[in-house]
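Here's the letter readout for the chains.
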Amino acid sequence: MRRRLLIGSIALTIPWISLSAAAERVDFNREVRPILANNCLTCHGPDEGTREADLRLDTREGATADLGGNRAIVPGDPEASEMVRRITVSDQSERMPPPDSGKKLSAQQIETLRRWIREGAAYDRHWAYVQPVRPPVPEVPDGAWPKNQVDRFILARLQREGLKPSPEADRYALIRRVSLDLTGLPPTIDEVDQFVNDPAPDAYERLVDRLLADDAYGEHWASVWLDLARYADSGGYVSDDPREIWAWRDYVIRSINANKPFDQFTIEQIAGDLLPGATEEQIIATAFHRNTPTNTEGGTDDEEFRNVAVVDRVNTTMTVWMGTTMACAQCHDHKYDPLSQEEYFRLFAFLNNTEDADLPSEEPVLSFFTDEQKRERAQWESQIAALEKKARSKEDDDRLAALRKQLAEMKPHTVPILRELPADRRRKTHVQHRGNFLDRGAEVAEGVPAAFHPLAKDAQPNRLTLARWLVAEDNPLTARVTANRHWEKLFGIGLVATSEDFGTQGDPPSHPELLDWLATELVAKHWDLKHLVRLLVTSATYRQSSRVTPELLERDADNRLLARGPRFRLSAEAVRDQALFVGGLLSRKMYGPAVQPPQPAFGLSAAFGRAMDWETSPGEDRYRRGIYTSWRRTNPYPSMMTFDASSREICAARRPRTNTPLQALVTLNDPVYVEAAQALARRMVRDGGGTPAEKVRDGFRLCLARPPSDAEATRLVQLHENARQRFSGQKEAAERMAGVSPVPAPPGADIVDLAAWTVVGNVLLNLDETLMPR
Amino acid sequence: MDRRFELLQYVTRRQFLANASLSLGSVALAGLLGREARSASPPAVNPLAPRKPHFAPKATRVIYIHLTGSPPHLDLFDYKPELVQRDGQDCPDEFLKGKRFAFTSGTPKLLGTRRKFAQYGKNGTWMSDAIPHLHGLADDLCVIKSMVTDQFNHAPAELLLYTGSPRPGRPSLGAWLTYGLATENENLPGFIVLISSGSQPNGGKNSFGSGFLPTVYQGVQCRSKGDPVLYVSNPEGMDRDLRRLSLDALRDLNQIGAQEFGHPETLTRIAQYEMAFRMQVSVPEVMDIAREPAEVLEAYGAQPGAASLANNILLARRLVEQGVRYVQLFDWGWDFHGTRPAEDIRDGLTEKCATMDKPVAALVRDLKQRGLLDETLVIIGGEFGRTPFREGRTAKSDVLGRDHYPDCYTMLLAGGGMKPGLTYGETDELGFSITRDKVHVHDLQATILHLLGFDHEKLTFRFQGRDFRLTDVSGRVVKEILA
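Quick note, the sequences are listed as chains H and V, same order.
In this text, residue positions in the first sequence follow my numbering: the first is 6, and each later residue adds one.
In this text, residue positions in the second sequence follow my numbering: the first is 0, and each later residue adds one.
Don't read these hints as lab results, they were simulated from the structure.
Careful, some of the hints might be misleading.
What the hints assert, rightly or not - Partial selection, computed: residues in chain V whose CB lies under 8 Å from chain H:
id : residue
1  : Leu95
2  : Arg99
3  : Gly111
4  : Ser164
5  : Gln199
6  : Asn205
7  : Pro227
8  : Arg243
9  : Glu264
10 : Ser281
11 : Leu481
Claimed, not checked - Quick list of in silico lysine-lysine cross-link-like pairs, BS3-like style, CA-CA up to 30 Å:
id : chain 1 : residue 1 : chain 2 : residue 2
12 : H       : Lys736    : V       : Lys224
13 : V       : Lys98     : V       : Lys395
14 : V       : Lys457    : H       : Lys108
15 : V       : Lys418    : H       : Lys433
16 : H       : Lys108    : V       : Lys51
17 : V       : Lys79     : V       : Lys96
18 : H       : Lys109    : V       : Lys57
19 : V       : Lys51     : V       : Lys418
20 : H       : Lys462    : H       : Lys416
21 : V       : Lys79     : V       : Lys57
22 : V       : Lys115    : V       : Lys395
23 : V       : Lys457    : H       : Lys109
24 : V       : Lys437    : V       : Lys478
25 : H       : Lys494    : H       : Lys462
26 : H       : Lys109    : V       : Lys108
27 : V       : Lys478    : H       : Lys108
28 : V       : Lys98     : H       : Lys433
To be verified - On the chain V side, residues computed to face chain H include the following (Cβ under 7 Å):
id : residue
29 : Val83
30 : Arg85
31 : Phe102
32 : Ser104
33 : Leu229
34 : Leu241
35 : Ala248
36 : Asn253
37 : Gly464
Note that the coordinates shown come from a computational prediction; the quantities given were computed from them, not determined experimentally.
Glycine included, every Cβ here is placed at the ideal spot set by N, Cα and C.
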């Protein structure tokens, strides 16, 4: 165990935290705060309820207070500080932290505290609670490498670390990387050739612009927002009944594609209904907070679960926008961050006065017709009008009646929404002791935590005010959290690795100045997210080759320093969409009710609910993008869960990425992927030229954009030949392997050959590089 | 071989040795050591490489049989003659005041059991005539009569029991254990879920999900029809030799990629595909109960090809025998409200128990005979108890049933470091409250983790700024019931 620990800790600590030079002053936020937060604040922190000995160490005032003859910290004089005595005393009964807490300060940590006290024990506000100021862009001597400001920050750090950036990735890798990152789909062979052969100096920038304008962009990026919003097509808990709320999902896709400014996107979702003259779209947006589960189990207390939903909305709001773990303050004052339980319920009060309750009916809902329905209705209406005007035959009368009936009977779709209670039914909000909704404390009014920027002056205490507060210019967090989330999506890990927690327990940023520069840039450019994404993907940093040396791997395993390009496995949706796309099966139909692609049968029902198994959707709905797959909370689509999708129970700020044998079984054997391999085989046979080598090249390029090396091509040709030999004389097995596909094979194609190409297609879809683009 | 590649392989192998020290592994490792677990890096190596717990465990495997809906403990284990005496009388107000019930309001009538109770074994363990096969096991079982939970609705109570929180979103017991221990037999998942009687558990997949832990730690739900583990079979037309051929090609191509680009995750992927290939044999083998001798099938009441609790209990034994750490069973239909004859505490209960007590008895005997009982913890119970009075909605019907009751109920444990033949805890003479040795579900969780070698306060995972654990902010190891 000792040896393991040693190696483990080396691997953990070497990569990116650079030690500051000994001569520098102790940095409170980076060096001291983590020591206090992890070892002291549980008992000597902001939580009054558990505070020991009346001592709080999270404020300078508390730490230097005279507690009857001694002071925990005497600035400038470590030896006079009671704290230093208690963390070094040998008597175990006096020792801090108490030995039975399992916590222990290292000699180095004790020395850091001493130095900090000697230097005056300055407390700085936690970095994330201070409004970002646009930092100067570092001067870097190497003028050739940086393509934009992002790169100057990255390069300055690399130079401090004695590292150099990697060369730019080749064009094949670039177009595949940026296409998958922006749209979740790989490029076609034509698109690849066009880009590779484009001599214009701005070829890459134009490629980026084309991808940003592609509708697939919104479909891809929406999944991040759906995870945050815990979007699902069912209500959760026991019976987990279907919930019709896809109109909100479509709102997200449309908003992202239209590049709706993030402040507007925010305000619409938190309080679109309160905007003057709210449009249908702005009201649909409020379904964001109607994604909370509903408990329809018999015998439940509806008020209890309505309350649970509001708690969820508070926690989700604070995670999504502020990167703040407000949930910790529901039952008691926050242990580490300056957030009190009372402040929790003041935020709660903003969200506690909507009409929805924990009922199966989902009221209030908005009824609406889709664009297609609206077109149909308009047609019928004009036909009715025409018929009404003219002299009618008996048939005309029948036709008129039929049309009127059709029009009257067309059922609108619905979407649950937020609606504020009328003045006479407003709820009072109380602090809930230990988070128990029946155990009420003092009544509280709407308000925001004192640690953050204040609400706008003279604003009404309502959701709209809260929404505006979230995107106010003096908000220290929202822009940072949002910029970081986009960085994480493109580079695999955020500048702040704990993208859900910017509080004192979260990770400090790897590049603090860059984060602040991006945050201020986002606000300066009026929350233009496509501008932000363009900035990131056109940087030289993003465009680097992802090739890594063992030396660099040891130095920076997680690629926090960015001395190489990003490389990580595709998301669950992208793994599936890509396979269908390269097989030529993917439907590009957008929007509308969720679809049911093939799913294995379990023969079970939800508890007190309906069957979990479903009938596969007919026609092209079988092959729609993953974002449209019906998401039932008690039984989320199994193959996507295997690839680390979120179960959408609660707000999920980031997905872990695992690499498991069960994933291998999915992409090898799941009928969805077998169908994709069968279709890919037909494309290779049909379009791939005359020789096996040419067909291999075609299939390879469909999957990886680049042509295969000789060694790779030879190995695949060999596999094809081996498979062919095995299938020859086994027509039945060949027929089953080749299957039936909507992608036509050329007339007269040999079934044995087709089966062998299916085996090749299956391998192509499982290549490491297919799943983890270079 | 290329030196770069050699170095890469060296680094990767060292990471394996270092207990998967990068990324996922480091999260788990750091968590185990009670240090900060905040790495958000992508996984490089096998997150399921076996790990050691905090201290020497008493049990290395768990079979947890959940009786979904919650059986009427007052008709099975907790004998209340006084309640029989007062059958039909109004329930005294003192027992109702300030309490919430799912389907009962007003003043319900007390309901004495209709079952015959007797004492069994050396220590005189009380059991009713509904579970005849368990009578002979009295000396092997540890009966906790003083269980208590905070929740009186199924889903929240089941989630509290399995995840430590009544709301969805936290990791389940099996996920915590898999996170802590990974898997012993690398050719099988470490955490397997078997479901019988037609419905999912009340908490849905959350009751065996991974919550905010990586999904690699969630329970793998096996099916009774089709592939037992999803996608374990090759596509139609592809036999095992051809799969081998194609995996050889895949490995060769991935090796080229690993040499060229140097990513350790590529090597991990190569290893995972090999493991998947081995699982393709080991999973169907272990899941095939037809391989059991006729007398074993008979003892469990199992029938190959059927979908039943008996089959699943036999399967559970096969799985733990092969090194699966945690097998979770859910059996639907124990919600004895009395809304239909199958939910009647007389014949309905007799029939339902017949599907459970014979295979459970066979399991305990079988494990004992194979020398596995000492290391295998068997747990049987529901998510809460049932009321000592008749359920409100059905009070006037001919069917006798009971409402949900969180304040006291009974659970059975056996093997794996439990004191055999012990009855622990007591309830009052009518069965409304605990009079001695209360065991909260958090205490049960702490005790289970303890038996598996974990300090429940130290098996943590940092999520959204907080170190979460299964027992939330409480939990006491019930030392008194440990052998």
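Q: Please flag the earlier hints that this structure goes against, numbers listed from lowest up.
A: Checked against the structure, the hints that fail are numbers 1, 3, 4, 7, 8, 10, 11, 15, 20, 21, 25, 26, 29, 30, 32, while the rest are satisfied.
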